[in-house]
Amino acid sequence: MSSISMAAGHLPADWQVAQRERTLSFEMGSRQTGQRYRIVLGLPAGAAPKAGYPVLWALDGLASFPIMEAVRAQVPRGDESLAWRKMKQPSDGLIVAIAHASGQPFDVDARALDYTPLTTAKTGDLFSSKHGGADQFLRFITSELRPLLTQHFHINAQQQTLFGFSYGGLFTLHTLSTQPQHFQRYWAASPSLWFGEQQTLKRLPGQLEKIDLSGYPRRVVISVGLDEQYPASFASAEVETKLGVRKMVDNAEQFARLLSGHSSNIDVNFLSLPAHDHHDMLMHGARRVLEFAFAP
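Take 1 as the starting number for the sequence shown in the working numbering and just add one per residue.
To be clear, the hints were calculated from the coordinates, so they are not data collected in a lab. In this text the structure is predicted, and so the values were computed from the model without any measurement. Backbone N, C-alpha and C fix where the C-beta goes; we use that ideal spot for every residue, glycine too. It is possible that part of the hints are untrue.
To be verified - Straight-line Cα separation of at most 27 Å, BS3-like style, residue types lysine-lysine; simulated pairs:
1. LYS242 <-> LYS122
2. LYS202 <-> LYS130
3. LYS247 <-> LYS130
4. LYS130 <-> LYS242
5. LYS202 <-> LYS122
6. LYS210 <-> LYS122
7. LYS247 <-> LYS202
8. LYS122 <-> LYS247
9. LYS242 <-> LYS202
As the list claims (entries may be wrong) - Quick list of the computed label-pair ranges, beta carbon to beta carbon:
10. ALA45 <-> GLU197: 41 to 47 Å
11. ALA13 <-> VAL108: 44 to 50 Å
12. ALA45 <-> VAL245: 43 to 49 Å
13. ALA295 <-> ASP109: 32 to 38 Å
14. SER25 <-> ARG287: 17 to 23 Å
15. GLU253 <-> ALA121: 19 to 25 Å
16. VAL245 <-> GLU144: 34 to 40 Å
17. GLY46 <-> ASN265: 29 to 35 Å
Let the sequences and hints guide you as you build the complete structure.
As structure tokens, this is what we get:
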């Protein structure tokens with residue numbers, strides 16, 4: 001019996017499973033990570049430009065993609081009014097939403113393993129004991145998934161954007177600071193820089209001396225909600241201690257400041273939003289990253 005039947009009982013014969021417009025999905029396993037993934041593709045509306053489609057790679061895909069899809073549904077098509085068509089709208093491109101095959105919007109163990117770098121320090125993770133697979137996950141994207149998609153889409157290799165939230169934001173900044181050649185634009189929403197006793201932040205100055213960022217300009221957004229460290233009030237003393245230890249705002253701001261001061265080739269935008277908590281930043285980033293990713 002299907003999960004739909006179990007949840008809803010007997011249904012009218014003419015009711016159908018909902019299909020999203022301009023969307024494809026498939027599952028694939030990875031030799032690099034040993035995990036299995038559900039890939040959701042948000043297809044462009046028009047033909048590829050001469051340089052190819054810009055690509056937005058979205059982590060936690062089953063959580064982030066529905067927000068992105070709702071935003072892109074507002075892009076005018078056909079015979080809409082001239083006034084509407086003149087409004088500022090995201091350009092077109094290919095969305096590659098990467099999720100885990102469990103179907104959970106946030107698969108706690110799978111994402112903790114894939115999105116975090118190796119560390120010998122205390123992780124600080126209260127929910128999962130599986131960590132350290134970030135480099136293997138990056139190889140999955142770049143050596144398995146990207147070549148597969150390149151067989152079927154004309155992709156612009158010079159306009160690739162990586163979007164991640166929380167642990168996904170940590171993965172985004174880890175990639176930027178260790179192997180920046182794989183993407184040209186990065187959006188890290190509420191990056192979990194506290195992980196591993198802040199090792200990604202602490203290692204950044206040394207990493208910036210090793211990596212080459214001179215090839216072409218890179219655009220970076222690092223966003224965080226003020227309520228993640230400095231709320232108007234704390235729910236409990238335990239929450240106050242936790243937020244003080246994790247220093248979400250301070251860590252993100254320091255990472256942005258170090259990155260911005262390193263090279264004129266990096267356009268860094270740090271956003272600290274009042275009255276926004278951790279999950280607000282997923283909503284905020286997923287709504288705005290399309291314009292960031294697909295604009296010329």
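Would you list, in rising numerical order, the hints stated earlier that this structure does not obey? 11
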